[in-house]
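Build the full structure now, drawing on both the sequences and the hints.
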Amino acid sequence: MKFEHLVQINDPSLPGIDWLTRQQLWFGLVARAWKPTRFVLGLEDAQVMQTSQEGNITTLARVLNYGPFQIEDTIELIEEDRTETRIVANQFCGDSTLTISIEEPESGELWLRFQYQVSDVPSSAGGSEVSSHDVDEIRKQAYRAADIDTVRMIRELAMAMPAQLPDNRKDH
Numbered sequence: 001m002k003f004e005h006l007v008q009i010n011d012p013s014l015p016g017i018d019w020l021t022r023q024q025l026w027f028g029l030v031a032r033a034w035k036p037t038r039f040v041l042g043l044e045d046a047q048v049m050q051t052s053q054e055g056n057i058t059t060l061a062r063v064l065n066y067g068p069f070q071i072e073d074t075i076e077l078i079e080e081d082r083t084e085t086r087i088v089a090n091q092f093c094g095d096s097t098l099t100i101s102i103e104e105p106e107s108g109e110l111w112l113r114f115q116y117q118v119s120d121v122p123s124s125a126g127g128s129e130v131s132s133h134d135v136d137e138i139r140k141q142a143y144r145a146a147d148i149d150t151v152r153m154i155r156e157l158a159m160a161m162p163a164q165l166p167d168n169r170k171d172h
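For the sequence shown, this note's numbering gives the first residue as 1, with consecutive numbering after it.
Be a bit skeptical, because a hint or two may be false.
[Stated by the list, open to error] Dumping the calculated SDA-like pairs for lysine to any residue here, alpha-carbon to alpha-carbon at most 20 Å:
id	residue 1	residue 2
1	K35	T59
2	K140	L98
3	K2	R82
4	K140	R152
5	K35	R155
6	K140	E84
7	K140	C93
8	K2	R86
9	K35	R86
10	K2	D134
11	K35	I100
12	K2	F92
13	K35	I71
14	K2	L98
If you're looking for bench data, these hints aren't it; they were derived computationally from the structure.
Structure representation (structure tokens):
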């Protein structure tokens with residue numbers, strides 16, 4: 001399944017909402033990589049097993065503990081541009097990739113683009129009463145909700161730290 005959607009960060013039609021800088025948004029994505037338990041519902045623990053740096057790309061190899069199961073992934077942090085998370089297939093999930101990109105079509109108007117590519121785990125014996133289309137639609141709804149929660153958490157983190165720019169509220 002492939003799925004993508006955009007979440008608007010700075011909306012000119014909402015003048016009462018603090019605008020985030022690109023640096024604040026990036027800081028939030030980095031925090032999501034290093035401390036995912038603050039962002040991912042049901043994630044009990046996360047350990048960074050290995051890190052590497054090559055140019056403007058930092059790579060983390062992690063083990064995510066969801067209680068009854070664990071997931072191994074790698075996440076590349078491409079400085080102030082995007083994160084690319086690759087999950088290693090296991091008995092609970094197939095290979096999958098999540099790319100979160102910062103987009104700025106006009107100066108200060110920030111968006112996050114979430115792109116999912118998910119391979120299904122081989123189905124077990126026996127029939128399923130839920131179609132694969134229905135499962136994909138449920139996944140998409142869950143991804144949207146989780147991504148909106150991610151933006152909410154990034155906003156909370158940003159409001160707790162000083163902005164790089166003198167004024168992060170844009171009046172319209």
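**Asked** Can you name, in rising order, the numbers of the hints this structure does not satisfy?
**Response** Of the numbered hints given earlier, the structure breaks none, since each of them holds.
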